[in-house]
Amino acid sequence: MQLTKGFLAGLLFVAIGGTATIIAFSYRMGTSTEMGPGYFPVMLGLAVAGIGLVLAVRSWLFPDGSPPVERLHMRPLLLIFAGLLSFGLLVRSLGLAPAIVALLIFGRLAGREGSALEFVMMLIVLTALPIAIFIYGLKLPLDIWAN
Amino acid sequence: MDLFSNLALGFGVAFSWDNLLYCFTGVTLGTFIGVLPGVGPLVTIALLLPLTFSLPPEGAMIMLAGIYYGAAYGGSTTAILVNLPGESSAVVTCIDGYQMARQGRAGAALAIAAIGSFVAGCIGTILIALFGPPITKLALQFGAPEYFSLMLMALVLTASLVRGSVLQGVGMSLLGVLFGLIGMDVNSGAQRFTFNVTGLADGIDFAIVAMGFFAFAEVITNLEHDRKREIFVNQVSSLMPTRQDIKQSWGAILRGTGVGSFFGILPGAGQTIASFAAYMMEKKISRHPERFGHGAIEGVAAPESANNAAAQTAFIPTLTLGIPGSATMALMLGALMIQGISPGPQIMTERPTLFWGLIASMWIGNAMLVILNLPLIGLWTRMLRIPYRWLYPGILVLSCIGVFSINNSTTDVFLAALFCVLGYVFIKLDCEPAPFILGFILGPMMEENFRRAMLLSRGDAVTFITNPISGSFLLVSVLVIIAMIIPAIRRQKDTAISESE
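From first to last, the protein sequence lines stand for chains L and F. Quick note: the first sequence uses my numbering, first residue 1, plus one each step. Quick note: the second sequence uses my numbering, first residue 1, plus one each step.
Hints are computed from structural coordinates only; laboratory data are not their basis. Take the hints with a grain of salt, since some may be wrong.
[To be verified] Okay, the calculated bits of chain F under chain L, using three or more residues with CB under 8 Å as the criterion:
hint, stretch
1, 51-59
2, 67-79
3, 171-183
4, 211-225
5, 396-408
6, 412-425
[Claimed, not checked] Footprint (simulated), chain L over chain F, 3 or more residues, beta carbon under 8 Å:
hint, stretch
7, 242-249
8, 444-457
Glycine is no exception: its CB is placed at the ideal position from the N, C-alpha and C atoms.
This is chain F alone, in the form it adopts within the complex (with noise of 0.2 Å):
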């Protein structure tokens, strides 16, 4: 059975002593780094990511995955304990974590989205290692017109998930693709957008505007509030989860698992759709929806399991197709380039150990977190009080070092404090960085691919609606515009993502 002789191979490459070491080291620093307030799981990621250089690639994504499983998870904590999310697929969690932290039940929403998670994890990798080849082997069909359209669908599904305005988002994803182009024109080797900087030529490393945006800009933002804002921790008094919560918890995380790997496997936001879904469908599902929003463990244990489950099976898209879901998962995929190794289909069968091993580990990570962290809440809790005046200037080091270390350049810097400033003008405008940024890494990618199904079509545009998967990625998005400028839903997804501020 290949199933079993594959993720044997993964837990044996797994299970080496050297690997298990990176996986513990990953996800204790991770959980450390992204509990701390104000540090979402991408900064988390960014900063920890020069501690992998030197591994082998093997064990640096082991150790990459188990430190994203620990921001996460820190994200969740944060989200839980002071209504603070990391990132957008933690917005869901804050709304009944948070009102459950304030009954004096954060220790049962601790545990519960950590078991939730590892049961998530451990359904997603079963999915992997499933669908996994299938998937692959789809995906060597795909020609440039499919890849452009795909990709497009991701922006689009980021850019209707902003609050606000639609028409905002597709600018921000755009203005995103626009900045992805500066740097080396692939095709003809003419330079667009340098300016004459040579640190241009090979464009900008993504893990420089992540920076830019998310350590730097938001380092400014707390700066201006932090006076006003007072973090109220809420005390952790009994970890474990009552008989009771398990009983109304159980459903909701296999509910949860499912919505969220169907959703994981879109390129996009897969992770924030995910959680959303599952949130609103158990409160549907419910007999007593009107807990919800008052500390409902269903509304921890579902979004909790779907975002697990999502992250899991989102390295379907970003192994076999290359392209990341999320930025988060870009940045792992920029770890992965970094090593040498240039995803895409091939991968499963060019470097097996490394994509089961891979795959192995994550579920190992997930283990890991439950087990590290269970005994270590109380630590967290305690990191969470932590002002934020000492925490500000940590942050400020270990960036600028990070930033620094990618390519050794003093340019690199240069270029994160611009997008500091311009990060910063984003937040003022109420413009969401996340479309952004999913543009800028998918748009040397989206160009190099528009102009290989134009060059295939002589230059007939509407290849794209006739090619079946191509026209149906398009119909998507279409329809995805229209439901987000339909006024009910629109008025739907903005009391959503505002509910949980």
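The following block holds chain L by itself, in its conformation from the complex (with noise of 0.2 Å):
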């Protein structure tokens, strides 16, 4: 069977929507007139598993609706991501200089372009250029390296 959009999104929905309603019904129900923290996130949460279930059923039976899944490209997911957490990670501990090297050779591996003078060339603009306007010109209480 070819894995359609459709599906996977109606799963995805009954995934979500599932746990949601798995979780708040741990919290307190109460009634409909006084509601508790859990009557609204239930509801909402057994209606996005419903439309899910609804929209993989829909798009088992009838395949054709929806277009079959494309290729995934793991390397630039992969490698934002990782920049992306390598920034949290930096910029209180070793500050903001640091955090933005960091990302950017994060940056560089997912997009592999261009030539090493022009990446060393971005590298000095981009962690100048943020530390001139955030730091020394709105003050933004952000170290360039941390103690």
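Quick one: dock chain against chain with the hints and give me the complex.
Okay, here's the thing in structure tokens:
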């Protein structure tokens, strides 16, 4: 069977809606007059899961109605994700400059284009400019290098 | 006369040197960033948001309004020159605008877009001044059921405008509402879906989701396609529209403004509906409908005017009801709240300088756009030739700093990374993010009003139908869903959306 986008989208909705419903059942439900924190999320989770189920069944029965899933490009996805994580990890502990450098190295690995010289120029400009604007210009509470 | 004293008050605020400078900076930066390929208006505003944090509330809002118009105009420029709509309301502009550009008439198309937007902006400003106060009075009478049904209608309108299945659109908007509930429940103080992460207790800031979906996930998809995609930038020769261009478009500009002003007041996809409706109407009433799709100037003038008029009147529900009609409006609202101002019917009476100053500066921003852009179009087209490999590192760095600086929180950066992955999955599954985003924004307000309405009616859900205003909002929602399920209309919508691609 060919996996279609509609089918997978349906499954995704069922998974998220279902999980949310199960978690929300642990909150106090209350009554329809005086709703507890669980009432609305349970309703909502069930609705999302229900819609997901209809979508999945529909795409399974009529696979022509939905395009097949394309190839996933894991390289840019994982590398950009890693770049964002390293920015988050470094910006406090080491400072803004190292965080930007790490982000740009991952970004460069994700794109793999342009000469090395170009990359070095970009590193210098994209580190210096934000520091000038945000730390010296707007005085945001960020350290260039953390102690 | 109230109208004139209000506008005079507004222009008094907006014409101070400081505020003119903020407006000018906003318009320039907004256009500058918005014109870059792959950076839509939403990301532009989000990127420039930190610049306004240290300004006084009036200055911040005025600069943001400038950024908003600059970014929207930058989006039209990319739509016309390279066939890349920055957001859904610019999709229609691509159809005839890009054709005009290919025929070497990009200059005329850009000029008419700017002039049309300016005319629409002028009329929109007057309309807000006229109708803002009475609508505020109406809004003051809205209770919980009215608010809930109004927001539901906004979600349905947005969900029904996505490509493909309406059900999937509704699913996305409900999913957005679900994510919007993350954090502390305001009524009971209970933590929901926070998994003991302290950074989640106050909920997730909307800008983080927007950055994850529209900045980071977009970078990833662009990196996949970049080698295949050749951006063909059209030459811009003569800027001035010919006398015939103006003769052909002035009617379209006025009609577009009318259509746009009407739809802009609707919360939900007002701007998108407005530009589509204006385009369809021009095509219908034109004596030569066959010219549309082949570079008809009315096909640029009408949707651009409608879009801008709607953008202007969309400030009415955003400011008076506190219900943003689109993701970009939500960012504006978020910026307002960062300044410590809560939007709602009271804003017009409690902060008249802010409200009217903002309205007046929108007009000034529009005027600056025309003055600034006509001579600078040459520069913008050169910026369109910047290769993507030089752009995306800048987008990454600025977005990361932007996300971090909202709350000075590293948790926010990690959350943005997670939403980036989720956004990428959504893109791959053809799930459009717009309904999700709107659901996310409206979610907490919807729950609060739903619970309050049910409390007032002693648990009887019929209250939403029997209340006349609430009932009519629900009726409209149902009619829209039925209309979208009817195959003929659905096909027409899909062709309209895909025609531009």
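Do the hints match the structure? See the list:
no. : hint    : result
1   : 51-59   : holds (count 3)
2   : 67-79   : violated (count 0)
3   : 171-183 : holds (count 6)
4   : 211-225 : holds (count 5)
5   : 396-408 : holds (count 8)
6   : 412-425 : holds (count 8)
7   : 242-249 : violated (count 0)
8   : 444-457 : holds (count 5)
In this structure, the earlier hints numbered 2 and 7 are contradicted, and the remaining ones agree with it.
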